[in-house]
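Novice: For reference, the chains in residue letters:
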Amino acid sequence: MAANGSFLSIKINNIKLLDYWGLGMDNAVDNLFEALFALTDLRVLLRETAPLHKLSAEQQMQAREALARAKAALSKLEEELQE
Amino acid sequence: MKIAGNIPVREVEENFINIQPIQAAGRLTAEAMKALIAYGDGYSTCDQCRKPFRLDKITKPPIAEFHSDLSRFLNMDEARVTPGARRAFQAVCLALVEKGDTVLVSALGHYTEFLAVENAKAIVREVPTNDLNIVTGDAVAQKIEEVTREQGKSPALVMLDHFDYSLANEHDVAGAAKVAHQYDIPILYNGAYTVGIKPVDGKALGVDFVVGSGHKSMASPAPSGVLATTSGYADTVFSTTQMIGDVTGRQFGVKEVQMLGCTLMGGNILAMMASFPTVRRRVEGWGEYVTKSNYVVDALLSIKGNMCVSEYPRKHTLSKVDTTGSFDTVARIHKRRGFFFSDELKQRGIVGAFSGATRAWKFNTYGLSWDQIRYVADAFKEIAGKYGLL
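So the sequence lines, in the order shown, correspond to chains L and H.
Using the numbering used here, read the first sequence as starting at 4 and increasing by one per residue.
Using the numbering used here, read the second sequence as starting at -3 and increasing by one per residue.
If we strip away everything but chain L, and leave its shape as in the complex, we get (with noise of 0.2 Å):
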């Protein structure tokens, strides 16, 4: 689904997201980012299977993946916000 994987770095394929000015990365922000990308790779995910999201078994793993991906960040993120 992903077109060419990571996304922890925050980055969209040569596109550096954030942290373009050298100031260090707001932790909360990175993190907000994170879940919001995950989430878009599990959207993309139900417009590949369409209209039935039958998902095969790669597809359940990218699934799973992606929607750990974003309960982590969510979770950062609430942790973040607390301090």
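Be aware that a few hints might be false.
[To be verified] According to the in silico footprint, chain L covers these stretches of chain H (three or more CB under 8 Å from chain L): (1) 7 to 13; (2) 19 to 32; (3) 343 to 355.
[Stated by the list, open to error] Taking lysine-lysine pairs in the DSSO-like style, the calculated list, with each CA pair at most 30 Å apart, reads: (4) H:Lys251 / H:Lys331; (5) H:Lys382 / H:Lys47; (6) H:Lys382 / H:Lys316; (7) H:Lys300 / H:Lys382; (8) H:Lys311 / H:Lys199; (9) H:Lys174 / H:Lys95; (10) L:Lys79 / H:Lys311; (11) L:Lys14 / H:Lys53; (12) H:Lys331 / L:Lys14; (13) L:Lys14 / H:Lys300; (14) H:Lys251 / H:Lys95; (15) H:Lys117 / L:Lys57; (16) L:Lys57 / H:Lys56; (17) H:Lys(-2) / L:Lys74; (18) H:Lys342 / H:Lys311; (19) H:Lys149 / H:Lys117; (20) L:Lys79 / H:Lys(-2); (21) L:Lys57 / H:Lys342; (22) H:Lys382 / L:Lys57; (23) H:Lys316 / H:Lys342; (24) H:Lys117 / H:Lys251.
These aren't lab readings, by the way, just hints derived from the structure by calculation.
Please read these numbers as outputs of a predicted model, since none were measured by experiment.
The beta-carbon is built from N, C-alpha and C at its ideal position, and this holds for glycine as well.
Using the hints, position chain H against chain L.
Specialist: Chain H only, in chain L's frame:
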């Protein structure tokens, strides 16, 4: 679910297989969606805009590099992003065509080509198609001769769609380019239905301008597009402003007149850039998408009374079919009239066929997986079976 109280969330692509003719290849990649999330703010490209203050010179994010990539991708010398293919037609017409000049377009040319010519106060003349609904180099030559005889001067420009919007038939651009150059006329390649889905080599085609549509074929938001040209025409079509304010003496140096300065200044270009690696890869898989297209068309042709109006076998994923002899016979007696067909498709999770149409209609299978292709093909046959058309 609503946005801001009254804007419904668009869930078409998530809930349905969408075979709408012009939407298929503009569907965003995941990366483009992410770019929109991050770069949706108005002038988001301008955070680190430095001298000479022009979009195609920005290096962070790598917009300058993207422009170079685009021209290499199309095998041309210079490229600019534009707000859709139509603005590229307009830029070329305004740069090359004088008031009263004639511009040749195809008899299956897009309406925006007409508008671009009219905007330059020039006149459109159409090159007719042959019996197979194809524009040939010979037809272009005949029209050039005809116009030259009538007006005492040759046309100023030829614009030709590689695959047209109506039938998605393939037209002889290379042949037309050869002819146009024999008469010293520049030629524009309209790749709205090719750039971003199949390989396009501007130099091999022998054209002077390559135009693509981001939102039609490059998995990008609207409006977005590309205009690429040769080094010979770059200075003309990308000319910079010479204007000086009479009160202030202001000048705007490198700003390009036909581009009206910077073009795509926010999420659109970043989304286009984000989709580009996928776009570059996917053009190599064009042959398989055409195979899939033929699979669905063959399923439709297996239903008695159906015809393919587009050239067949298909060379494109957009096709026009005539179902007057099948689905339309049901529409004539069904209480929902022609809407029965779109109802039946929607019940099966398929949308995009023109609602109510059961005679001649278009659809596009670009981007669908084999599972989805088989599902669509089976759905057509299933509906035909339900109404005794098989």
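Novice: Confirm or reject each hint.
Specialist: Here is how each hint holds up against the structure:
Residues of the segment 7 to 13 of chain H with a Cβ under 8 Å from some Cβ of chain L number 5, which satisfies the need for three, so the listed coverage holds. Counting residues of the segment 19 to 32 of chain H whose CB falls under 8 Å from any CB of chain L gives 7; the rule of at least 3 is met. By the rule of at least three residues with a Cβ nearer than 8 Å to a Cβ of chain L, the coverage given for the segment 343 to 355 of chain H holds, with 3 such residues. A threshold of 30 Å between alpha carbons decides the hint, and for Lys251 of chain H with Lys331 of chain H the separation of about 60 Å lies outside it, so the pair is violated.
With a CA separation close to 66 Å, the supplied pair Lys382 of chain H and Lys47 of chain H exceeds the 30 Å bound. Restraint check: the Cα-Cα separation between Lys382 of chain H and Lys316 of chain H comes to about 23 Å, which is no more than 30 Å; the hinted pair holds. Under the criterion of a C-alpha separation no larger than 30 Å, the hint pairing Lys300 of chain H with Lys382 of chain H is consistent with the structure, at around 14 Å. Taking the CA atoms of Lys311 of chain H and Lys199 of chain H, the gap is near 22 Å; set against the 30 Å cutoff, the hint holds.
Between the alpha carbons of Lys174 of chain H and Lys95 of chain H the distance comes to roughly 26 Å, so the proposed pair stays at or under 30 Å and holds. Simply put, Lys79 of chain L and Lys311 of chain H have alpha-carbon atoms about 50 Å apart, too far for the 30 Å limit, and the pair is violated. Straight-line distance between C-alpha atoms of Lys14 of chain L and Lys53 of chain H comes to about 21 Å, which keeps the hinted pair within the 30 Å bound. Of the supplied pair hints, the one linking Lys331 of chain H and Lys14 of chain L is violated, its CA atoms being roughly 54 Å apart against a limit of 30 Å.
Straight-line distance between C-alpha atoms of Lys14 of chain L and Lys300 of chain H comes to about 52 Å, which puts the hinted pair past the 30 Å bound. The straight-line distance between the Cα atoms of Lys251 of chain H and Lys95 of chain H is roughly 24 Å, inside the 30 Å bound, and the hint therefore holds. Using a Cα cut-off of 30 Å, the hinted pair Lys117 of chain H and Lys57 of chain L is violated, with the two alpha carbons roughly 55 Å apart. A distance of roughly 41 Å separates the Cα atoms of Lys57 of chain L and Lys56 of chain H; the hinted pair therefore is violated under the 30 Å criterion.
For the hint pairing Lys(-2) of chain H with Lys74 of chain L, the CA-to-CA distance comes to about 24 Å; that is within 30 Å, so the pair holds. Of the supplied pair hints, the one linking Lys342 of chain H and Lys311 of chain H holds, its CA atoms being roughly 27 Å apart against a limit of 30 Å. For the given pair, Lys149 of chain H sits about 17 Å from Lys117 of chain H by alpha-carbon distance, which is consistent with the 30 Å threshold. Among the hinted pairs, Lys79 of chain L with Lys(-2) of chain H is consistent with the structure: their alpha-carbon atoms are about 28 Å apart, no more than 30 Å.
Between Lys57 of chain L and Lys342 of chain H, the direct Cα distance comes to roughly 18 Å. Compliance with the 30 Å bound is thereby established for this hinted pair. With a C-alpha separation of about 25 Å, the suggested pairing of Lys382 of chain H with Lys57 of chain L holds against the 30 Å cut-off. Restraint check for Lys316 of chain H and Lys342 of chain H: the C-alpha separation of about 20 Å stays at or below 30 Å, so the hint holds. For the proposed pair Lys117 of chain H and Lys251 of chain H, the alpha carbon gap of about 24 Å is at most 30 Å, so the pair holds.
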